[in-house]
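Turn these sequences into a full structure, and let the hints steer you where they fit.
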Amino acid sequence: KQWYQRRVAITAGGAFFQEGAAIEREQQAGILKYDEELGGTARHLSFLCGVINRAKIPVFERVLWRASRGKALLRHMEITEPLKDPATEEEIPKSTFIVYFQGEQLKIRVKKICEGLGATTYPCKEAYSERKQTEMEVDKRITELIDILKETHNHRYRMLDTVVQNINSWIIQVKKVKAIYYTMNKFKKTDTGLLMAEGWVPMSQLNDVDIALKRGTTSAGSATQAILNTVTTRRTPPTYHKSNKLTKGFQAMIDAYGVATYQEINPAIFTIITFPFLFGVMFGDLGHGFIMFLAGLYLVLKESTFIKKLKSFDEISAMMFHGRYIIMLNGLFAMYAGLLYNDIFAKSLNIFGSSWYPDISEPINKGIQYGLDPKEYGPLPSHNFSGHPYPFGIDPVWNLAENKLTFINSYKMKLAVILGLIQMTFGVVISYFNYRFKGSTLDVYCTFIPQMIFLQCIVGYLAFMIFFKWFTVNTHTAQPSILLCLISMFLKFGAPLGEDNELYANQHIVQSALAVMALICVPWMMLAKPFIERMYPRVRQASYTQFDNESEDGGESDDHEEHSMTDIMVHQAIETIEFTLGCISNTASYLRLWALSLAHAELSEVLWDMVMRMPFSMGLPVPGKAVMTIFVFAIWAPLTVVILIVMEGLSAFLHALRLHWVEFQNKFYKGEGVAFLPFSFERILNGDVDD
Amino acid sequence: KQWYQRRVAITAGGPKSSTCLVLLSAWGTVMLLLLGIFFHIKSVILLEDLDYDQNLYDSAATSCFIAGGAYLVIGLISFWQKILNDRYQALEPETTTIMF
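Protein chains in written order, with this note's numbering: chain H, 230 to 920; chain D, 6 to 105.
Hints listed in this document are in silico derivations from the structure and should not be mistaken for laboratory results. Any given hint might turn out to be false.
To spell it out: a stretch of chain D is covered by chain H in this simulated footprint if at least three of its residues, at any positions, have a beta carbon under 8 Å from a beta carbon of chain H; those stretches are [unchecked claim]:
| # | stretch |
| --- | --- |
| 1 | 25 to 37 |
| 2 | 51 to 61 |
| 3 | 70 to 80 |
If you anchor each label on the Cβ, the simulated ranges turn out as follows [as the list claims (entries may be wrong)]:
| # | chain 1 | residue 1 | chain 2 | residue 2 | range |
| --- | --- | --- | --- | --- | --- |
| 4 | H | 712 | D | 31 | 43 to 51 Å |
| 5 | D | 92 | H | 658 | 55 to 63 Å |
| 6 | D | 81 | H | 379 | 50 to 58 Å |
| 7 | D | 18 | H | 376 | 42 to 50 Å |
For every residue, glycine included, the Cβ atom is placed at its ideal position computed from N, Cα and C.
Here it is as structure tokens:
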């Protein structure tokens, strides 16, 4: 800093001297001219010369005129070289001026005016030879100063160069020491001169902390031992989930939505498999999944090399590296779904032999359509349908079928509803385990059971109808629509459905019974819990204390605020409405599993049809075809990666995550916890935690 | 410094482009080979790619094999380039980075 100030001073001096020199050079002419104008007056005129901001000249002139009553003469000339203000490094246009006046009084006034307007004055000799001499001196000083400036500049760079070697370690040291002192400031000082701190320790590691304290005391050479005492408290501890490199990514995804409340079931464990599975359902291509799997595999196999270089990664690459296991698993499950959908780069694989065979009487030609009738089945070449479905996945014949989408859409939609039901039921079951852990039987009977019954009576029954329709062969000409059945369950309550609309006999009775059961659950959910809590207040404790997140709770903790009856009722009503409406809307939300896989399949097909098909469908000779194939592949492959793998991959990732965060977790997750973040140099230096 | 001057003359692209080309060529070789095999066994799925003309199967198969072979050659060349790039990259001095 000293050097910098010195440099500033020298630059300022240089600037001023430059100004002085400018005056010298340009005022000579002015003085000569003035001498001529004056002619031979005997009176002695004094003058003052200096430099002033160009912008202030009009003001200067005016003030000088008024103050001297017209008896002072001002001459000014612009300085052509711009001069830099040393402090701000701005270029300010300046002018030199010279003021002629008579008498001491005027001189004082003029000086004051100059000071007031920020003009700097310089001594200037009258005689030409003396001026010439000062000019040469000033020039010499200027060149000297320029040399000095250069020297200081170089010196400064050399100093910074040596600092560069050490600055990283200095920064680390500073951060560490700052963190240590910041944490130590949280200690309390007791009267006996000891430092005391309260903190959270995982019970499994109490011993380790003890040993570490003993080690610390011996290495510090202190006589008094550091004492570790466990203190009972009613406060809720922070949540600590042990994670390894595989589970860390999934835990981070769940924690991004909300850290689990203390001792709540951790959904991240299930997410390790359900998330890639749902991703796969939405991505569903063997080829794209394989590429994604390879990418993830590469990141995983090279993790030791990448970990060392992690700090030099930009944010996106770092995020991809942290999610390497997620990417790998996503790719793996996408391959599985691709096998099921029988989709590899928009083509199907015929691994097991298709169960369908067209009745080919004429040679295959463009424009001929074959209708494959499943009703009479038998050995293949003579029949259309072999009678056995394709063993694993969708039959490859569908790839060439015109009504492919009609079939696949229906299949994927039903699959989506079934998967949604399974995940939502699983969520409700997890809530049961949470209630049981808390010991809250009230919640089990008044929340879990009606929720379960409601969910199964409506969405569970829907899934049942889907399976029923799949497994039974309906001999009627018109197939009953499941959705119409579901709707008539409520809108045409109790009315018989008619032969064409029912899946099985007496369906309307079964449906009415289920509808009644579901409707009973609504007031059960809404009213049972508040009324029982009101009548037996002690029952409330179990359902509230375990999970309340009061910090700094000094006094009573059995029962924090008094809930009024309206509060409880409103709270319960909101929960009930959320759950019941959620059953329908969340089930519909799971249809995104269908929507995204359809979008992916269609994009993939369009890309193949528009790009990769080109060399083969044109009537080129073989060499031309080969060359064209080379170029077309070089276009098709990057497009596949960018659009179908990166873009669709991100999209499927996001939607699978949303399904977990909202549709799965709102059945059981409270997520009101605080993460357990112990003091860690590594985390602080990585910038993960605020120091 | 001589190595740097030589490097400009020998390698056609930087480390990133040669890696990309290697990966693309590997994918192209494998995929076009398989596609050629599927055209060769006259898989029905590929019929619509041939505009429903059965006679085009064989020429499509041949051109796929040729293209696959071309990608194999391109892959080997760019792999050689990649090795050169890695070798020359090792000679470059490390630049210090300041982390904040």
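Earlier hints that do not hold, by number: none
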